[in-house]
Amino acid sequence: ETGVTQTPRHLVMGMTNKKSLKCEQHLGHNAMYWYKQSAKKPLELMFVYNFKEQTENNSVPSRFSPECPNSSHLFLHLHTLQPEDSALYLCASSQDRNRGGETQYFGPGTRLLVL
Amino acid sequence: AQKVTQAQTEISVVEKEDVTLDCVYETRDTTYYLFWYKQPPSGELVFLIRRNSFDEQNEISGRYSWNFQKSTSSFNFTITASQVVDSAVYFCALIKAAGNKLTFGGGTRVLVKP
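So the sequences go chain by chain: A and B. Taking my numbering, the leading residue of the first sequence gets 275, the next gets one more, and so forth. Taking my numbering, the leading residue of the second sequence gets 930, the next gets one more, and so forth.
To be clear, the hints were calculated from the coordinates, so they are not data collected in a lab. Treat each hint with caution, since some may be false.
As the list claims (entries may be wrong) - In the DSBU-like style, the derived pairs of lysine-lysine whose C-alpha atoms are separated by at most 35 Å in a straight line are:
no. : chain 1 : residue 1 : chain 2 : residue 2
1   : A       : K292      : A       : K326
2   : A       : K310      : B       : K945
3   : B       : K932      : A       : K296
4   : B       : K945      : A       : K315
5   : B       : K967      : A       : K326
6   : B       : K932      : A       : K310
7   : B       : K932      : B       : K1030
8   : A       : K293      : B       : K967
9   : A       : K315      : B       : K1030
10  : A       : K314      : B       : K967
11  : A       : K310      : B       : K999
12  : A       : K326      : B       : K932
13  : B       : K932      : A       : K314
14  : B       : K999      : A       : K314
15  : B       : K967      : A       : K315
As the list claims (entries may be wrong) - Here are a few chain A residues that face chain B, going by a calculated C-beta distance under 10 Å:
no. : residue
16  : V278
17  : Q280
18  : R283
19  : Y307
20  : K315
21  : E318
22  : L362
23  : G374
24  : G383
The beta carbon of each residue, even a glycine, is placed where N, CA and C say it ideally should be.
From just these sequences and the hints, can you work out the full model?
Right, dumping it as structure tokens:
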């Protein structure tokens, strides 16, 4: 496989469920990102990881819990979500966050619906 | 603070027409990078171009061309002889050279009708 992959592509969950989103990059990059894209809102950066260390948390509620076990994999654990959390969640990777200005390559996203 | 504005929310054209997407940005940094991404209905953001703030040369790639004008803080994107497959949302974005935060514009939806 090439590029950035995300699973599942679609997810419907209740407010009391716990689920996880998975992202995997096959580009040899060291930085990974989670973005949220809601209807009628700009893309919002949620978390940044560089060399497995979290370097950015953009004031994201604790019901979203990221995990980065290695530079190729990134997870977003979800629990007790709200309907307003329904959105497209995009994962991205770049060569090295510390080099600055690097191109971010995106996965296809997980379209999440919270009922 | 950085800001990217895409004033056109939606553009509709007929196939083979040219379409230009505007992008205006604000930044206090002297060194930065500008990007364009395409988001087709499938959802994936597809990287199109990255441009360094010191490189004001216009660029052409097939039917795509970009016009970077630092004096007006604009980085416009033109699709020549549009095709139905060009239908997508296009995002302009900015990142400072020493940073990792990509600031996106609101996107412009392009609809190309046959």
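Per the CB criterion, is R283/A less than 10 Å away from chain B?
holds, 8 Å
With the threshold set at 35 Å, check whether the alpha-carbon distance from K314/A to K967/B stays at or below it.
Status holds; Cα separation ~17 Å.
Does the closest beta carbon of chain B sit nearer than 10 Å to the beta carbon of L362/A?
holds, 6 Å
Min Cβ distance, G383/A to chain B: is it shorter than 10 Å?
It holds, given that the least Cβ distance between G383/A and chain B is near 4 Å, below 10 Å.
Minimum beta-carbon distance criterion (10 Å), E318/A to chain B
holds, 9 Å
Decide if the proposed pair is consistent with the structure: K932/B and K1030/B, CA atoms, cutoff 35 Å inclusive.
Within the cut-off at roughly 12 Å; holds.
Would you check the hint for K945/B and K315/A, treating anything up to 35 Å between C-alpha atoms as holding?
holds, 31 Å
Using Cβ atoms only, decide whether K315/A comes closer than 10 Å to chain B, and label the hint accordingly.
holds, 8 Å
Supplied contact hint for G374/A, tested at 10 Å Cβ to chain B:
holds, 4 Å
Is it true that the CA of K999/B sits at most 35 Å from the CA of K314/A?
holds, 29 Å
Is the hint on V278/A kept, meaning its closest Cβ partner in chain B is under 10 Å away?
holds, 8 Å
Should the interface hint for Y307/A be scored as holding, given a Cβ-Cβ cut-off of 10 Å against chain B?
With a closest approach of 8 Å, the Y307/A hint holds.
Violated hints: none; the structure is consistent with every hint.
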